[in-house]
Every structure is written in C-alpha cells, then in structure tokens.
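Take the two lone chains, each set in its own frame, and fit them into one complex as the hints suggest.
First to last, the protein sequences are chains A and B.
Going by the numbering used here, 91 is the number at position 91 of the first sequence; the sequence numbering is gapless.
Going by the numbering used here, 1009 is the number at position 9 of the second sequence; the sequence numbering is gapless.
Heads up, a few of these hints could be off.
Here are some of the chain B residues that sit facing chain A, going by a computed Cβ distance under 7 Å [unchecked claim]: (1) Gly1042; (2) Pro1043; (3) Phe1105; (4) Gly1108.
From the derived model, a few chain B residues whose C-beta atoms are all more than 10 Å from chain A [unchecked claim]: (5) Glu1015; (6) Thr1020; (7) Tyr1022; (8) Thr1051.
No lab work stands behind these hints: they were computed from the structure.
This structure is a prediction, so every number in the text was calculated from the model and none was measured.
Just so you know, even glycine gets a beta-carbon here, dropped at the ideal spot from N, CA and C.
Chain residues, written in single-letter form:
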Amino acid sequence: DTGVSQNPRHKITKRGQNVTFRCDPISEHNRLYWYRQTLGQGPEFLTYFQNEAQLEKSRLLSDRFSAERPKGSFSTLEIQRTEQGDSAMYLCASSPSSAGEQYFGPGTRLTVT
Amino acid sequence: TQLLEQSPQFLSIQEGENLTVYCNSSSVFSSLQWYRQEPGEGPVLLVTVVTGGEVKKLKRLTFQFGDARKDSSLHITAAQPGDTGLYLCATGRNAGGTSYGKLTFGQGTILTVHP
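Isolated chain B, as found in the complex (with noise of 0.2 Å):
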C-alpha cells in the first residue's frame, strides 16, 4: 500500500484546458512537498504546503493542502506545453512534525500538453 496515492496515473490534455491532480493519504502529514520532473532529469520542488487548508500559487499552479493534512491537490490553468512532465507529492515528515530525513513519494502524474 502506498502511503501517498496520486491520481489520475497519466493526463493527456490539449493546451489552453484546466486540470487538478490529486494526492491522498489515510495518514496525517505536517506538510506535502510537490515536485516536477522532466524526462532524464531529477524532480525540482515546487513548493511545500504546511497548514491545513493553504492555499499557495505559483503562476498558473495552485497548491492546496487538505484541512485534515491529509491530502493535497495541485490546479493548472490554462496549461501549456511545457507543462509536460511527471508531478510527484512527497512528505518527510509525519504529522507530529517530525522529520523523517528521507522523503516518500507517490507514484507520480504523468502530464502531458498537446499542442
């Protein structure tokens, strides 16, 4: 069993459309990290979300943590084809806030933006 669940597994959109990916837990987390990768590179944080209920934008990207801190969801508008890429959560910490060092992460969106 997977400590964090994405969905959906892969999202094929054209340019210009919405889409939310989701990560979900039956665990408690003090915070989630979000992460991109690009084919053949490592993944680059986005951003880490900490307080049930935030709300963080980066551009077109809107991170929300779950009021229970218990899931997450990243929202791209009008997406674009250099939003292509695998979009991992990943948590270090458990819900007392105490660092694991290492992170866990889910299994990944596989994003991909047509043209």
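So here's chain A without its partners, still in its complex pose (with noise of 0.2 Å):
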C-alpha cells in the first residue's frame, strides 16, 4: 500500500453541476477525514468516518455535500449544484485509529466556473 489516493487529482465544472470525488485510505485504517482547504489556508474540516459510520460533519458541509463510505473502505464526496465558493482542494486523511497520525492523500482541486 503506497498512501492515501484521492481521483481525480482536477476537476474543472460548471456552476451548477454536481460533482464526485474518491479517497482510497489506507488499508486497514478505520478512520477516513475529509477537509477543504482554500489557497494559502490551513485545511478545515468537513466530516469523518469511523469504518462506515459518519460520525461527524462540520456546519461548513451545507446540505449539498454528502459524503459515503459504503464499505468502510473508500470514500466518496459528493457536491450538488455547485458554487464558484466551493473551488478549493478537497483532502482526504485516514489514521489507524481515533489518536493514531492522520495521513493525507494529493487532494482533488475543484474549480468551478
């Protein structure tokens, strides 16, 4: 296993279309973290995963992001009818467990146009 993998690496949408991105996590990582970070900004976080389970969405994930992890392996962030404000990278982390060190993929850079 060589890391954290997130598809697409870009994306480039139109204002109004939804969009998806995958996290593969670390095998054998129960948690899986989503965070959005603007340029030159610290991440902030969206949600997190404890193997299936959603344990956590922060106010920042209105009610057009919907995230998934179906299997408790991969993950899946979805946006609806996007918005040029949500043009960020989307960074996916996984950790062994609740105290263990977060790992973080590449991110998915949206633009939105």
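Here's what the structure looks like:
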C-alpha cells in the first residue's frame, strides 16, 4: 500500500453541475477524514468516518454536500449544484485509530467556473 | 477567531538564512503537530510535540512546545530552496488529552526560500 489516493486530482466544472470525488485510504485504517483547503490557508475539517459510520459533520458541510463510505473502505464526497465558492482543494486523510497519525492524500483541486 | 494563530503568514528569505515560525493559542493542548505541505500535495507530518518545554530536532528543523503548552515554534537553520512550502501547526487533542479525532489547523505560514 503506497498511501492515501484521491481521484481525480483536478476537476473543472461549471456552476450548477454535480461532482464526485473518491478517496482510497490506507488499507486497514478505520478512520477516514475529509477536509477542505482554500489557497494559502490551513485545511478545514468537513466530516469523518469510523469504518462505514459517519460520526461527525462540520457546519461547513451544507446540504449540497454528502459523503459516504459504504463498505468501510473507500469514500466518496459529492457536491451537488456546485457554486464558485466551492472551489478549493479537497483533502482526504486516514488513520488507524482516533489517536493515530493522519496520513493525507494529494487532494482533489476543484475549480467551479 | 482562529484556535491556532500562526505568524508570520508569509516569509520570503534567501538561502542560508535562519527563520522562526510561531503557532499561538489561548487554549492549552496536550500535543501539537507541525506539517509541511508542498503545492498540489497533501500535508505531511513533521513532528508531534507533547510535553511542555519539549524541544525536538529534525535535521535543520527545531521544534519547541511552550512550557504552558499553549504555543509552539519551528526554527529552520540555514534554509534551503527545498524548504519552500506551507508550514502548518495543528492539534487534535484538548488539554486533557482527549482526542478530537479531527485536526484543527492554523492558517499556515507560506515560506519561500530563494537560491
């Protein structure tokens, strides 16, 4: 296993379209996190899963955002009716436990035009 | 209000110079982490400091956790162009050591080291 992978790496979409990102964590890591990062800022927490259960969602995660981790392995983050303000880097991280180090993927950079 | 305040926000220096980046908070933490992030990549953990007054060294990087566990600093000696990147402090635990799970990051310091 070479680490956390995210696809696609870049996504350009028009306002109003739906987009879906995928994250494949390090195998056997039961925690999976999604963060959003705008240019020159630190990442902001969006949501996390322990196995397939979504345990917490940030208030940043509006109704247009939904995340799933159906089998406790990979996760998807969907944004419906994208807005220009959704343009950001979406980072995924995984850890072996709540106290374990989080390993980040390379991110998906979303540009909404 | 940011839980973790980093300064400076931007730092542009010449190769060979020394620099210090600060991470401050009004809250007490049982641990703080420092990450480095290159453009187009995710953050990579550099170090975790857990004891008040602790100093950790990683080659030319020196990390210090304040005695009161409310602040931390990162000092780079003889900076090189390869040190260029976004330096982030973060915490995932409160003063009692309870893990939040999620990480809360500072806004970061963008370091540029010119050859």
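Here's how the hints hold up against the structure:
1. Among the interface hints, the one on Gly1042 (chain B) holds; its C-beta lies about 3 Å from the nearest C-beta in chain A, closer than the 7 Å criterion.
2. A least Cβ separation of about 5 Å between Pro1043 (chain B) and chain A falls short of the 7 Å threshold, and the interface hint therefore holds.
3. With a least beta-carbon distance of about 3 Å to chain A, the hint placing Phe1105 (chain B) at the interface is held under the 7 Å criterion.
4. The beta carbon of Gly1108 (chain B) is positioned within 7 Å of a beta carbon in chain A (closest approach about 5 Å), and the interface hint is therefore held.
5. Remark: the non-interface label on Glu1015 (chain B) is consistent with the geometry, its nearest Cβ contact in chain A lying 23 Å away (cut-off 10 Å).
6. A cut-off of 10 Å between C-beta atoms confirms that Thr1020 (chain B) is not in contact with chain A; the least separation is 19 Å.
7. Non-interface call for Tyr1022 (chain B) relative to chain A: holds, since the shortest CB-CB distance, roughly 14 Å, exceeds 10 Å.
8. The non-interface label for Thr1051 (chain B) is consistent with chain A: the shortest C-beta to C-beta separation is roughly 16 Å, beyond 10 Å.
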